[in-house]
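**Q** Below are the chains, spelled out letter by letter.
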Amino acid sequence: MEKFISHTGTAIPLRRSNVDTDQIIPAVYLKRVKKSGFEDGLFAAWRNDPEFVLNQPQYKSATVLVAGADFGTGSSREHAVWALQNYGFKAVISSRFADIFRSNSQKGGLLTVVLPQVSVERIWDAIETDSTTPVTVDLEAKNVRAGGEIYPFEIDDYTRWRLMEGLDDIGLTLKNIDSVTAFEGHRPSYKPKTLPVRS
Amino acid sequence: MSKTLAEKIWSDHIVRSAPGEPDLIYIDLHLIHEVTSPQAFDGLRLAGRQVRRTDLTIATEDHNTPTLNIDLPIADPVSKLQVDTLRQNCAEFGVRLHSLGDAEQGIVHVVGPQLGLTQPGMTIVCGDSHTSTHGAFGALAFGIGTSEVEHVLATQTLPLVRPKTMAINVDGVLPDGVTAKDIILAIIAKIGTGGGQGYVLEYRGSAIKALSMEGRMTICNMSIEAGARAGLIAPDETTFEYMKNKPHAPQGADWDAAIEYWSTLKSDEDAKFDTEIFLSAEELAPFVTWGTNPAQGLPLNASVPNPAEITDVEERGAAERALTYMGLEAGLPLKSIKVDTIFLGSCTNGRIEDLRAAAEVVQGKKKADSVRMLVVPGSARVRLQAEQEGLDKIFLDFGAEWRNAGCSMCLGMNPDQLAVGERSASTSNRNFEGRQGKGGRTHLVSPLVAAATAIRGTLSSPADL
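As they're listed, the protein sequences go chains A and B. Sequential numbering from 10 applies to the first sequence in our numbering. Sequential numbering from 12 applies to the second sequence in our numbering.
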């Protein structure tokens with residue numbers, strides 16, 4: 010996973026709440042068996058509308074998505090994170106994220122930043138007034154900087170450290186694999202097993 | 012110290028706990044399907060890793076599979092590749108797989124319980140948000156992303172932050188015609204799609220205790236639609252009775268030991284929940300969604316709401332967009348809405364009891380000429396059982412289509428889809444834009460409302476017949 014320390018880019022305002030993962034990437038695009046190439050499916054239905062914000066030329070090169078509340082609800086598909094990353098997004102800002110989407114984003118190194126709705130509104134205003142407004146998402150300093158303002162955000166120290174180091178969870182867990190083996194030694198015998206097959 | 016049910020299961024599965032780090036939680040059962048697993052198996056291969064516990068892992072094919080002509084190769088080449096990839100991965104890594112055509116194939120959340128692999132007190136995960144279904148047994152069960160699927164395959168654990176707990180108390184006796192589906196739709200409308208974020212929900216109270224296992228699964232299934240990764244119901248005699256004689260239920264001395272443990276799985280009387288909410292069963296009614304998120308629902312006797320009367324700006328905007336998408340006018344009585352397609356099935360309402368309930372309503376009747384109805388059992392086993400009970404004949408005589416098992420029209424991934432502008436009454440779980448096919452319009456309903464709607468052609472409950 011790529012390290013995330015700080016990112017500066019332009020941002021795109023997505024003034025919608027409850028953007029579910031079926032909107033981020035419809036099911037029909039989930040059939041690929043690799044992690045790349047999902048950018049075509051990103052907001053596929055909404056992109057048919059020429060007025061949709063992703064189709065507006067001034068936001069073409071944006072790398073930060075600023076969305077309404079409850080972003081990423083619904084299906085657990087990590088393809089939603091891959092689609093956003095494949096398209097070029099490095100960070101998403103919202104006042105609330107769905108739990109599974111947030112967890113998926115943190116596995117893949119897409120930074121999800123929670124800011125109060127009033128701050129989201131101010132960033133929307135800034136990037137709608139001037140689409141070239143640079144937006145900095147600084148994980149080291151734990152703040153977002155845009156339009157001359159600083160918006161601090163919270164993130165737990167463990168996740169922050171993992172993202173800043175670009176560490177992969179499996180590698181971290183395997184360092185403690187002895188404790189997994191020890192735990193397995195005490196599992197009760199009535200717990201079910203899928204093998205051998207019983208019918 | 013007194014604990015909630017969720018906290019008890021959590022403590023029993025901590026492999027490692029360190030200050031400032033997430034807990035490392037052991038996973039008792041990992042369910043796999045074709046959509047969210049290929050990249051995870053690929054990750055294992057690239058790192059030269061194995062599946063740590065093939066004996067705690069099981070796979071089935073459900074999302075991409077057709078429900079017609081299942082003896083032919085899958086027609087869509089991309090769907091076929093995904094299913095073939097699952098078959099190759101399961102063969103290569105030694106994972107038990109129930110393929111299309113197998114008697115145990117079906118929707119992953121229907122298959123686990125019917126095999127008896129879903130048991131009280133377990134931790135269960137799957138790369139599917141409706142894994143919350145298994146919480147009906149008093150298991151801590153939740154959906155995960157593909158990175159986590161890979162993590163569980165490699166280590167049989169997950170690093171997780173302990174969730175908060177919310178008690179949802181539903182007391183009283185449900186009025187006639189009101190079902191588990193109506194309870195959960197009412198709960199979601201009350202707390203919103205984000206209300207459960209960060210929580211495990213525990214459903215309690217006399218109305219919950221009176222439900223069958225199928226009804227409990229319907230409720231826990233849609234916890235995710237309220238934003239919660241998991242929902243739970245404490246196991247009781249109903250649960251134990253359901254477990255008996257299931258293929259993978261404990262046997263002999265193991266059964267006795269299991270019952271002893273399962274009987275401890277309830278929240279202590281003085282346990283503190285972070286949040287608690289209350290609903291009265293008597294006040295509930297058949298419920299239906301009018302919008303494009305599952306919280307946009309109302310009792311069937313109500314009318315389409317007027318966005319102008321919604322004070323919250325975000326909610327008003329969402330309601331306006333939803334009505335435009337759904338092609339509905341404010342003030343229209345919900346019961347006057349004509350539908351084109353009835354979908355009876357899914358991991359929410361595709362179990363035998365759901366089929367029985369709908370069959371009872373449509374028996375001896377004919378469907379409205381203006382509608383088509385798809386009846387899709389949740390698993391091949393449910394289909395066989397329904398056929399033994401003659402339910403297939405009832406549905407066919409009624410004019411419905413009797414299909415093979417799978418996710419079918421719950422999501423637009425297989426051939427069963429709505430066309431642009433087509434309107435459904437669906438027993439599934441999501442009414443998102445395009446969920447059942449691009450441009451399709453979904454009203455979420457119970458199996459009883461689905462059946463009555465198929466008879467009248469407009470959104471209806473059996474009381475309207």
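No lab work stands behind these hints: they were computed from the structure. Only a predicted model underlies this, so the values are computations on that prediction, with no experimental measurement involved. Hints are not guaranteed to be accurate.
To be verified - Ranges of calculated distance between the beta carbons of each label pair, as one might list FRET restraints:
id, chain 1, residue 1, chain 2, residue 2, range
1, B, Gly338, A, Gly180, 26 to 34 Å
2, B, Lys201, A, Glu48, 45 to 53 Å
3, B, Gly112, A, Pro197, 33 to 41 Å
4, A, Glu158, B, Thr335, 50 to 58 Å
5, B, Glu371, A, Gly180, 52 to 60 Å
6, B, Thr335, A, Thr138, 25 to 33 Å
7, A, Ile14, B, Ser274, 29 to 37 Å
Unchecked claim - Footprint (simulated), chain B over chain A, 3 or more residues, beta carbon under 8 Å:
id, stretch
8, 20-29
9, 32-46
10, 69-80
11, 127-139
12, 178-186
13, 196-207
Said to hold, decoys possible - Calculated lysine-lysine pairs in the PhoX-like style (CA-CA distance at most 25 Å, straight line):
id, chain 1, residue 1, chain 2, residue 2
14, B, Lys255, B, Lys220
15, B, Lys377, A, Lys44
16, A, Lys202, B, Lys257
Beta carbons are placed, not taken as given, at the ideal position from N, Cα and C, and that holds for glycine.
**Q** Taking the earlier hints as the rules, which of them does this structure contradict?
**A** 1, 2, 4, 7, 11, 15
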